[in-house]
Every structure is written in structure tokens, then in C-alpha cells.
Amino acid sequence: MQPSRETLGWMYQTMVTSRRFEVIINKIYMEGKSPVFNMANGPIPGEMHLSDGQEPVAVGVCAHLKAEDIVTATHRPHHQAIAKGVDLNRMAAEIFGKATGLSGGRGGHMHLFDAAVNFACSGIIAQGMGPAAGGALSRKMQGKPGVAVAFIGEGAANQGAFHETMNLAAVWKLPMICVIEDNAWGISVAKGASTSVEKNHVRAAAYGIPGHYIAGNDPWKIYEVAGEAIARARAGDGPTLIEVETFRLAGHFMGDAEGYRPEGEKAALFARDPIPAMRKRLEAEGSFTAGELDALEAEAGAKVDAAIRFARESADPKPEDALTAVFA
Amino acid sequence: MENERKLTIARAMAEAMAQEMRIDPTVFVMGEDIAELGGVFGNTRGLLTEFGKDRVRDTPISETGFIGAAVGAAQDGMRPLVELMFVDFFGVCFDAIYNLMAKNTYFSGGNFNVPMVLMTSTGGGYSDAGQHSQCLYGSFAHLPGMKVVSPSNAYDAKGLMTAAIRDNSPVIYMYHKGLQGMGWLGTEAGANVHVPEDAYEVEIGKAAVVRQGTDVTIVSIAMGVHHALKAAKALEADGISAEVVDLRSLVPLDRETVRASVRKTGRLIVVDEDYHSYGVSGEIIATVCEAGDITLKSPPRRIAYPDVPIPFARVMEQYCLPNADKVAAAARELC
Numbered sequence: 231m232q233p234s235r236e237t238l239g240w241m242y243q244t245m246v247t248s249r250r251f252e253v254i255i256n257k258i259y260m261e262g263k264s265p266v267f268n269m270a271n272g273p274i275p276g277e278m279h280l281s282d283g284q285e286p287v288a289v290g291v292c293a294h295l296k297a298e299d300i301v302t303a304t305h306r307p308h309h310q311a312i313a314k315g316v317d318l319n320r321m322a323a324e325i326f327g328k329a330t331g332l333s334g335g336r337g338g339h340m341h342l343f344d345a346a347v348n349f350a351c352s353g354i355i356a357q358g359m360g361p362a363a364g365g366a367l368s369r370k371m372q373g374k375p376g377v378a379v380a381f382i383g384e385g386a387a388n389q390g391a392f393h394e395t396m397n398l399a400a401v402w403k404l405p406m407i408c409v410i411e412d413n414a415w416g417i418s419v420a421k422g423a424s425t426s427v428e429k430n431h432v433r434a435a436a437y438g439i440p441g442h443y444i445a446g447n448d449p450w451k452i453y454e455v456a457g458e459a460i461a462r463a464r465a466g467d468g469p470t471l472i473e474v475e476t477f478r479l480a481g482h483f484m485g486d487a488e489g490y491r492p493e494g495e496k497a498a499l500f501a502r503d504p505i506p507a508m509r510k511r512l513e514a515e516g517s518f519t520a521g522e523l524d525a526l527e528a529e530a531g532a533k534v535d536a537a538i539r540f541a542r543e544s545a546d547p548k549p550e551d552a553l554t555a556v557f558a
Numbered sequence: 006m007e008n009e010r011k012l013t014i015a016r017a018m019a020e021a022m023a024q025e026m027r028i029d030p031t032v033f034v035m036g037e038d039i040a041e042l043g044g045v046f047g048n049t050r051g052l053l054t055e056f057g058k059d060r061v062r063d064t065p066i067s068e069t070g071f072i073g074a075a076v077g078a079a080q081d082g083m084r085p086l087v088e089l090m091f092v093d094f095f096g097v098c099f100d101a102i103y104n105l106m107a108k109n110t111y112f113s114g115g116n117f118n119v120p121m122v123l124m125t126s127t128g129g130g131y132s133d134a135g136q137h138s139q140c141l142y143g144s145f146a147h148l149p150g151m152k153v154v155s156p157s158n159a160y161d162a163k164g165l166m167t168a169a170i171r172d173n174s175p176v177i178y179m180y181h182k183g184l185q186g187m188g189w190l191g192t193e194a195g196a197n198v199h200v201p202e203d204a205y206e207v208e209i210g211k212a213a214v215v216r217q218g219t220d221v222t223i224v225s226i227a228m229g230v231h232h233a234l235k236a237a238k239a240l241e242a243d244g245i246s247a248e249v250v251d252l253r254s255l256v257p258l259d260r261e262t263v264r265a266s267v268r269k270t271g272r273l274i275v276v277d278e279d280y281h282s283y284g285v286s287g288e289i290i291a292t293v294c295e296a297g298d299i300t301l302k303s304p305p306r307r308i309a310y311p312d313v314p315i316p317f318a319r320v321m322e323q324y325c326l327p328n329a330d331k332v333a334a335a336a337r338e339l340c
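Same order as they appear, the protein sequences are chains V and X.
Just so you know, the working numbering puts 444 at position 214 of the first sequence, and the rest follows in order with no gaps.
Just so you know, the working numbering puts 269 at position 264 of the second sequence, and the rest follows in order with no gaps.
Isolated chain V, as found in the complex:
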């Protein structure tokens, strides 16, 4: 299963959109936070987990998904949200805590919800697993189309929710795919120090389901393996576990000094940045000209700029609206 030219263009442009978004968020996040870094200050307060470097996973998987399909995302959700088609203006506004945000400022960057594209988040490690299985169960019971994808990090594969949900999804043969973004670090703890197996896809054997490992943060390979797993789920053949080797070019969160990384690791990762790598391959294979890729990038940049402008210009929520929307 190989991506069409059109899909490749979408994948590249979506990766660029996500990266441009993170670069701008990074810059704005630091406003008001220097010389003294205080997380509570600036136009974007609170924790901020950027997804730079992990874009191939989001686009390789979401290229196969429609609006009706369900995604549950993590505390690091921007690339996944953008690839799933979450409204970028309202997403940016939510990250700024504005009234026009996806949830009017109640959620913030770790709690992005867009019912229009069946996208939900949880800031708690592995806790998107259960809701993804439940969404898949709902589709199966109602006989409605749609699969559910739970994105988690490699650290989440050591959580009880991961094990409980994989077993449940397997025993009920649910149309669910668990995609582990292995960025090698659970905040400051290396995967090898926290995880009893070298690669988490082998854990699929414990649930009697297929497991795949994809090396190299490669959008083409991710597209291919995810496509097979999603087709399998759509056909009623049950869940699949996929682990993808990826990496984060940012810290765990903004303000992370990353002293735990071995010397030279960051430089080596930047040399493997998946976005220039994809551009190079697209040009080399002749599927896109440099000019066409420039145009895709410009369009992505304009979309991000517009979203940021929308967020900046939007009004703050009314403080007393904090007391609303607790119940349906």
C-alpha cells in the first residue's frame, strides 16, 4: 500500500502545517517568560508539549482516516489534531485560552476536543485507550462505519490502562488501532530504563493480535503499515498494535533543559528531521517539483498565520463562564 501523489502532498503539507504551528507557538509561549521563566506568564500560560519531529506518525496514520473515524490523543496532541482535521483556528484559540477556542478556554492545549472530527485528548498517560476502545465498541454495536485510533507514547505502554484496554479490544475484536509514538524518552527516563522489552509491538502477542514496529520515522512506511491495520479493523478483523520509532526535537515541555540527553543526541536528531527528509525524497522521486513544494509550504504557513491571528484577536472568555458547561 503506497500513498498516491495527492496523499503525499497532503502528508507533506500537513507535516509542515504542524511544524509551522509549533514553531510559532514556541515563540509566542516565551513571550512574557523571560528573563524569568514562569509558566503562569505570557499569552500562553501552563505546560506546553510540542510535537516537533513526531509529525510523520500523525500524517502516516491519519491519511487513512475520515472525519467519522475516532482519534484519542495525548498530552502532546498538536500534530495529531492537525492531521485529524481539527479546526485550526479554534484549536489555536483554545491553546491561547480564548472564548472562541474549541471549548471556550476550559481545556487548553492538553484537552483539545472537536466532535466534528471525533477528536478527543487526555493529559493523563494512556488514558485515551479506554475511550478509543469504547468508541470502537459503539461503532461495532451500532453497525456504523468507523475505526478508533489511540495515539500514545512509549511510556504509556507501561500503564495499566494500556494493558487492560488492549486485552478488552482483543477479546471483543474491536475496530481499534493503538499507535505508540516511541520518542525514546518518558520526560527524562529513557525507554530502556523503564520498559522490559526493547520494542513494545512484541506485547501484541500477549493479546493475540498483530503487532508491528516501524523504524526510521518514515512517513511512507508508517502509511503502509497503518493502512493495513486500519483496513483490517474496518473489515472486522480486530485491533492492531503499532509502535513507531520517532523522536522529539523539542524538550518534554517548554522549559525542559534536556540535561538527560547524551551529548550530541539533539544534533543527530536534527540531522534526521523528517520534514526536510521528506521534501528531499519527494523531489528526488520527481513526484513534486521544488516550486510545487514551496507552494504547499506557503499555503501551510498562511493557514497557520491566520489561525494564530484568529487566536490573538479573539476575546478572553468571560471569567464567570468558568461556572458553566459542567453538565450537559
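Simulated from the structure, these hints should not be mistaken for laboratory data.
Errors might be hidden in some of the hints.
[Claimed, not checked] Calculated pairs, BS3-like style, for lysine-lysine (alpha carbon to alpha carbon, straight line, at most 27 Å):
(1) X/Lys58 / V/Lys370
(2) V/Lys374 / X/Lys58
(3) X/Lys269 / X/Lys331
(4) X/Lys238 / X/Lys331
(5) V/Lys421 / V/Lys451
(6) V/Lys403 / X/Lys58
(7) V/Lys533 / V/Lys296
(8) V/Lys257 / V/Lys533
(9) X/Lys238 / X/Lys269
[Unchecked claim] If you want the ones that stay clear, here's a sample from chain X, every Cβ over 10 Å from chain V, calculated:
(10) Asp29
(11) Glu68
(12) Leu105
(13) Val119
(14) Gly135
(15) His137
(16) Glu322
We treat Cβ as the ideally placed atom computed from N, Cα and C, and that holds for glycine.
Given chain V, put chain X in place with the hints provided.
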């Protein structure tokens, strides 16, 4: 009335679920031992036979997994009824309850609703010790985003269940084991009352004055209501007229019914099988004090579970539990 049909709470719950399942295909039940066995406490008996195993699902012993799944199914248009066999087991799955179920409506700004019911058994008195006997009313009622109900009788059990299933917000439905009508747990006969056959709702957030009185208000929920009613009967002989308020819901809390009663009687006793401190009893007393227009004739009292884990030995557990004698003694001191 002798010809009226009486049900146990367990049967009343099952009847409400069955009636809603007949009219709403999105309603389904899942939990441990709720299908073949009909629930350890009898509240899902008969459902598997009528609705089959697609809609009546035995789950693995994976509360985090299946309660999380219920959240996802509810967000996707289903109305799951989920059972947490003993409320004490909340320790293995509370994240799915209070971080997902209770918060996703708010965090999504109403984008997603989570219309699910989490049924869970509460209460002790049968020497099951501290991991199978708690009430934990206050623990659940404290956290915003979930409605909390607990019936004291079969009529309310059916009506509250029907209302809970139809509610678009998550509802914690706490049923007291001692009121279920399961012979092996002992049972409170006063919980078995007339239950109409047709479906009906008991409004969530509305307390009931279950006995009129003029001298003292006794506020409680679930099993405590029966202690209060028995105490009230005993107090008649002493010339003390006790009013009994059955809260029925903890969230939303019907503060006005409590206040109206205490305005009339000027005295307040709260009976709470949950722990003494930081709980429902303190909240009820604060509700009366904050009203501003109520002058108590004597300090409020609470008959609650002492702040200790629940012991096994019969004499120790019974020493700790609220009962009618304790309530009556407190009323005599106040009046």
C-alpha cells in the same frame, strides 16, 4: 395496600434498565458478572435473556479499561450502564471516572456529552471489612462533573435509574447492599415497596420528606433513612416529633428541602454511613448554617462512620455503624 406489587431495589433497578433498553437501542449494560450471573447484587437479572450478550456484556476484570470504554461509547452516542461491583474498587479506576467521565463535558465545552450511568454497590454491616463495605458518598459527591444518587427504597430506585439513564450527564448510581433485597446479605424490609409497572422518573436533585415532624430534622440517604425512620418511631413514645429527609441525590443537592425542614424544627441530625470528616454530614450542616435565616435551638449533630477503616469483627463493625438507637439518643439529647 395489600394488592400492590412490591419489588426489591435489585428488581426495581433491573426493571428500569429493561424498560429503557426496550425503547432506546443505544442503552447497553457492561460490567463484571452482570450477564450470566445477573449481577452479584441481583440488579441486572433477566437482562441477558431478553437482550442478549451484545447489549449485556460481561467484562474482563479491568475497571480502568471498561469504564474508560464506557466514556468513549457515551461520547459516540451510546448510553452505557456500567457496573463497578463494589464502590471500594474505585481505587483501580478512578482516573477513568473523575478525569475522563466527569471532565470531558467541561473540557470539551459541551462538544461531547457523556451520558452514562455508573452503578456501584455501597455499605457494610455484614462483616466484609474495609475493602468491600464503604459508602464513599462524599468522595464522589466532592468531585464536580458527575451527578450522584442513592435510593433508600425500590420506588426511588426505579425512578432514579430511569432518570439517570435518560440524563445526558454522567450519573453515579450508588445502591446500598443492605437494601438490595438479597437474602444472603440480610435486608431492610422497609426498602421493598410498591413500584408501578410503567416507567417513571424520580427527579435527580430532589430530596423527599419521608416523615413529617416538628421537633427535629433527621437528614440521611440510603440505609441511613431507615435508621432515621426507626428512630423517629421510637421517639414518638418520648413525645418527640421527628421529620425525616431522604436526600436521594447528593449531586445536585436539594439544599432548599433541608433548609425548609430545619427552619420548621430548629434542630438537625445528619445520619451518614460514610466517614465522619470532610463528607456529606459536614456539607448538610454547612448548608443549614449558610442559609443565614435559621437559628438552631441546639447544636447540629452527626451520626456518621468514625474516621477509621471498616473492621471485620462483627462487634467492632457494629460499634462503628450508625443505627436507630444512636439517632434516637442524639435526638433525645437535642430536644
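Hinted pair V/Lys374 and X/Lys58, Cα distance within 27 Å:
holds, 19 Å
Evaluate the condition: distance from the CB of X/Gly135 to the nearest CB of chain V exceeds 10 Å.
holds, 22 Å
Over 10 Å from every CB of chain V: does X/Val119 meet that, or does the non-interface label fail?
Non-interface label fails for X/Val119: nearest chain V Cβ at 8 Å, not farther than 10 Å.
Is the nearest CB of chain V more than 10 Å from the CB of X/Asp29?
holds, 12 Å
Verify this label for me: X/Glu322 is non-interface relative to chain V, using a Cβ-Cβ cutoff of 10 Å.
Given that every Cβ of chain V is farther than 10 Å from that of X/Glu322, nearest at about 31 Å, it holds.
Could you grab the alpha-carbon distance between X/Lys269 and X/Lys331 and see if it respects the 27 Å cut-off?
holds, 23 Å
10 Å cut-off, C-beta based - X/Leu105 kept clear of every residue in chain V
Violated: least Cβ distance 6 Å, not greater than 10 Å.
For X/Glu68, which was marked as not at the interface, is the minimum beta-carbon distance to chain V over 10 Å?
Since the minimum Cβ distance to chain V is about 8 Å, X/Glu68 lies within 10 Å and the statement is violated.
Given hint X/Lys269 paired with X/Lys238 - CA-CA distance at most 27 Å:
holds, 19 Å
Given the proposed pairing of X/Lys238 with X/Lys331, does the C-alpha separation stay at or below 27 Å?
Roughly 13 Å between the alpha carbons, so the hint for X/Lys238 and X/Lys331 holds.
Just to be careful, I want the Cα atoms of X/Lys58 and V/Lys370 compared with a cutoff of 27 Å; is the pair within it?
holds, 13 Å
Taking the closest pair, is the beta carbon of X/His137 still more than 10 Å from chain V?
holds, 21 Å
Checked against the numbered hints above, the structure breaks hints 11, 12, 13 and satisfies the rest.
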